[in-house]
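Those sequence lines, one after another, are chains A and B. Note that UniProt numbering numbers the first sequence so that position 290 is 290, with each residue one more than the last. Note that UniProt numbering numbers the second sequence so that position 329 is 329, with each residue one more than the last.
Just so you know, these hints were derived from the structure itself, not from any lab. Keep in mind the model is a prediction, meaning the values are calculated, not measured. Treat the hints loosely; a few may be bogus.
Which copy? The list can't say, so a pair holds if one copy fits it or any two copies do.
Simulated crosslink set (SDA-like; lysine to any residue; CA at most 20 angstroms straight-line) [what the hints assert, rightly or not]:
id	residue 1	residue 2
1	K145	L23
2	K115	T105
3	K145	E24
4	K265	T242
5	K145	R155
6	K145	P37
7	K265	E102
8	K265	R323
9	K145	G28
10	K265	E241
11	K115	G188
12	K145	F86
13	K145	S38
14	K265	P59
15	K145	W25
16	K145	T242
One letter stands for each residue in the lines below.
2 protein chains.
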Amino acid sequence: MPAVDVAGEFETIRRLFAPLAHLEWGRGLADDVAVVPSRQGHDLVLTKDAIVEGVHFLPTDPLDTVARKLMRVNLSDLAAKGAEPFGYLLACHWSPRCGWPERMTFADGLRADQKAFGVALLGGDTVNTPGPASFSMTLLGWIPKGRTVGRGGARPGDLVFVTGAIGDGWLGLEGVQGRLSLEAERIGALSDHYRTPTPRVDFALPIRDLASAAIDVSDGLIADLEHLAEASGARVEIDLETVPLSAAGQAWFDGRVDEQAALEKLVTGGDDYEIAFTASARDEAALRREADRRHLRLTRIGRVTAGQGVVARFGGQPVTFVRPGFTHR
Amino acid sequence: MPAVDVAGEFETIRRLFAPLAHLEWGRGLADDVAVVPSRQGHDLVLTKDAIVEGVHFLPTDPLDTVARKLMRVNLSDLAAKGAEPFGYLLACHWSPRCGWPERMTFADGLRADQKAFGVALLGGDTVNTPGPASFSMTLLGWIPKGRTVGRGGARPGDLVFVTGAIGDGWLGLEGVQGRLSLEAERIGALSDHYRTPTPRVDFALPIRDLASAAIDVSDGLIADLEHLAEASGARVEIDLETVPLSAAGQAWFDGRVDEQAALEKLVTGGDDYEIAFTASARDEAALRREADRRHLRLTRIGRVTAGQGVVARFGGQPVTFVRPGFTHR
Numbered sequence: 001m002p003a004v005d006v007a008g009e010f011e012t013i014r015r016l017f018a019p020l021a022h023l024e025w026g027r028g029l030a031d032d033v034a035v036v037p038s039r040q041g042h043d044l045v046l047t048k049d050a051i052v053e054g055v056h057f058l059p060t061d062p063l064d065t066v067a068r069k070l071m072r073v074n075l076s077d078l079a080a081k082g083a084e085p086f087g088y089l090l091a092c093h094w095s096p097r098c099g100w101p102e103r104m105t106f107a108d109g110l111r112a113d114q115k116a117f118g119v120a121l122l123g124g125d126t127v128n129t130p131g132p133a134s135f136s137m138t139l140l141g142w143i144p145k146g147r148t149v150g151r152g153g154a155r156p157g158d159l160v161f162v163t164g165a166i167g168d169g170w171l172g173l174e175g176v177q178g179r180l181s182l183e184a185e186r187i188g189a190l191s192d193h194y195r196t197p198t199p200r201v202d203f204a205l206p207i208r209d210l211a212s213a214a215i216d217v218s219d220g221l222i223a224d225l226e227h228l229a230e231a232s233g234a235r236v237e238i239d240l241e242t243v244p245l246s247a248a249g250q251a252w253f254d255g256r257v258d259e260q261a262a263l264e265k266l267v268t269g270g271d272d273y274e275i276a277f278t279a280s281a282r283d284e285a286a287l288r289r290e291a292d293r294r295h296l297r298l299t300r301i302g303r304v305t306a307g308q309g310v311v312a313r314f315g316g317q318p319v320t321f322v323r324p325g326f327t328h329r
Numbered sequence: 001m002p003a004v005d006v007a008g009e010f011e012t013i014r015r016l017f018a019p020l021a022h023l024e025w026g027r028g029l030a031d032d033v034a035v036v037p038s039r040q041g042h043d044l045v046l047t048k049d050a051i052v053e054g055v056h057f058l059p060t061d062p063l064d065t066v067a068r069k070l071m072r073v074n075l076s077d078l079a080a081k082g083a084e085p086f087g088y089l090l091a092c093h094w095s096p097r098c099g100w101p102e103r104m105t106f107a108d109g110l111r112a113d114q115k116a117f118g119v120a121l122l123g124g125d126t127v128n129t130p131g132p133a134s135f136s137m138t139l140l141g142w143i144p145k146g147r148t149v150g151r152g153g154a155r156p157g158d159l160v161f162v163t164g165a166i167g168d169g170w171l172g173l174e175g176v177q178g179r180l181s182l183e184a185e186r187i188g189a190l191s192d193h194y195r196t197p198t199p200r201v202d203f204a205l206p207i208r209d210l211a212s213a214a215i216d217v218s219d220g221l222i223a224d225l226e227h228l229a230e231a232s233g234a235r236v237e238i239d240l241e242t243v244p245l246s247a248a249g250q251a252w253f254d255g256r257v258d259e260q261a262a263l264e265k266l267v268t269g270g271d272d273y274e275i276a277f278t279a280s281a282r283d284e285a286a287l288r289r290e291a292d293r294r295h296l297r298l299t300r301i302g303r304v305t306a307g308q309g310v311v312a313r314f315g316g317q318p319v320t321f322v323r324p325g326f327t328h329r
């Protein structure tokens, strides 16, 4: 494509992105393409997410956290499939507010997370837009041939688990918008989770080896379990009281009068980037060992039965949700 | 990522994009990821381009041609490397003007070009933006291991070639903006080239086997040859009189008083999506056979010498360009 960038497409690539490129495969970001050797006995796993200012992130969000969130939501997709990420391509649609300092901040965020998660930039494009900034990333990973964990493998009798804590994504969005009355430290922790969630990359291997079906919790726990149930042709039953909350989430929850309504917010809010998955009961002990080894909280929240859809119970009674997941405006 | 689409992210994916997905690798676009088997003995070649309404395409452009242009500019990148495309991921950032009819038109364009070029949709994302529409595509291809043609392989003594005709991209942009005084049929041909250029996908194999260096002409012939010269550490010398023009381009050129100024416009205008490449003189006959077999025009426009940069001559005299390539506002 032609150069399109008032701040200089070539300059942006050369100064900010070339230092992030994979030394061999990225070809110095100077050749229109990336070239990656095939990995024998493996499948290539790809995902691509896009984010838009004012829709997926706030105009006031620092761009390093925007870059890191973009990478992390993609990493979360791969982790839930059991795949090992190695590289990414990036399209930056810079808005007029994205001058050099903002672009450098964005690149700083990428650099930090490349190091944290062991991936490298392979290529992409940088263009200007008169509208709000937006970004998209294509993340690539490998997995041994045929071992990708889908959404469709849950069978009656399997147990349902979730990593980490649920609800911090929604609470974090409330927090950054100033709608939470909690201690500043709690709000800080929740806001951090919203801006830079922790994808469960280091739990990908146990997922690959032990999960029958898996999905990352991005639309909301209930909505994502509905996707899993539909793909599996089975019913997922969960007990809302067992859904794990973070310390900050618990503090918020403890201040609610209507516990059921509060839980409903947390399990339909989205942006958690935990992994919800099913596994055979005989693998529960092995899963707990793998989680303990990684100091990762792992919670059993339900079971798979014959039927369809998701049944969520509170106090033993099924709960009906107005909307199972989060939809941006 | 959470659902973000007033017209329905899930509906858009299910009704418009799922029918375009690779039957096996795309997983029905229902699993966050695509899974592609490795191809033994091959390298994966990737490219990613982004386009923005009002910058790379006009707000009045029909969305089927926007989709096709996006695919074609990516295909052009791969063709110039000698790679064989197989699939793509797509991010659609829909603007408020993109309702169902517009989205269907966009999908129609994809469908037509998938069939024409033998590629399939693997995955991606669809989001809404309050700003102008934009799109990005990651295109994937295979090439036998180590055979990717770079920009850096030109050696003194090599000849310089270009496929097709140069200048129709720039003339086409003038045409769609109503700035050309030519017969309607000519303007139509040029506008068509601007909206749906022809990537030289079917010349990728000869490029792979016979070119020493190659680049697709997107920024402008001179600018792209400068990239090639710089990467090769050599000088590229061309004779402007030998640069091939289309019938419409020739008709426009014949109406100019200042021939040199006219040629300068054509070789710096960009958006041609032809392949400029270098090859050993002993391979010229084989290249011509391969081009003839494909009914593709192939023109020798110069030679590689020791030195650096691009020297373009007109009437035997070196020409200095104010700007070697096209930059969007």
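A quick look at each hint next to the structure:
Within a single copy, K145 and L23 get their C-alpha atoms only as close as 26 angstroms, which misses the 20 angstroms cut-off; across copies the closest is 18 angstroms, which meets it. Taking the closest pair of Cα atoms, K115 and T105 come within 20 angstroms of each other only inside a single copy of the chain (16 angstroms); across copies the shortest separation is 42 angstroms, beyond that limit. Only between protomers do K145 and E24 lie at most 20 angstroms apart by alpha-carbon distance; the minimum there is 14 angstroms, versus 24 angstroms within a single protomer. For a Cα distance limit of 20 angstroms, the shortest separation of K265 from T242 inside one copy, 15 angstroms, qualifies, whereas the shortest one across copies, 69 angstroms, does not.
For the homomeric pair K145 and R155, neither the shortest alpha-carbon distance inside one copy (22 angstroms) nor that between copies (41 angstroms) is at most 20 angstroms. For the identical chains of this complex, K145 and P37 are neighbours both inside a copy (16 angstroms) and across copies (7 angstroms), given an alpha-carbon limit of 20 angstroms. For a Cα distance limit of 20 angstroms, the shortest separation of K265 from E102 qualifies neither inside one copy, at 34 angstroms, nor across copies, at 35 angstroms. In this assembly of identical chains, K265 and R323 lie within 20 angstroms of each other by CA distance solely inside one copy; the values are 10 angstroms within and 57 angstroms between copies.
Within a single copy, K145 and G28 get their C-alpha atoms only as close as 30 angstroms, which misses the 20 angstroms cut-off; across copies the closest is 19 angstroms, which meets it. In this assembly of identical chains, K265 and E241 lie within 20 angstroms of each other by CA distance solely inside one copy; the values are 13 angstroms within and 70 angstroms between copies. In this homomeric assembly, K115 and G188 never come within 20 angstroms of each other (Cα to Cα): the closest approach is 24 angstroms inside a single copy and 51 angstroms across copies. With identical chains, the CA atoms of K145 and F86 are at most 20 angstroms apart both within one copy (16 angstroms) and between copies (19 angstroms).
Taking the shortest Cα distances, K145 and S38 sit within 20 angstroms of each other both inside one copy (12 angstroms) and across copies (8 angstroms). Taking the closest pair of Cα atoms, K265 and P59 never come within 20 angstroms of each other, the shortest separation being 25 angstroms inside a single copy and 40 angstroms across copies. In this homomeric assembly, K145 and W25 come within 20 angstroms of each other (Cα to Cα) only across copies, at 13 angstroms, whereas the closest approach inside a single copy is 22 angstroms. Within a single copy, K145 and T242 get their C-alpha atoms no closer than 35 angstroms, and across copies no closer than 52 angstroms, so neither meets the 20 angstroms cut-off.
In this structure, the earlier hints numbered 5, 7, 11, 14 and 16 are contradicted, and the remaining ones agree with it.
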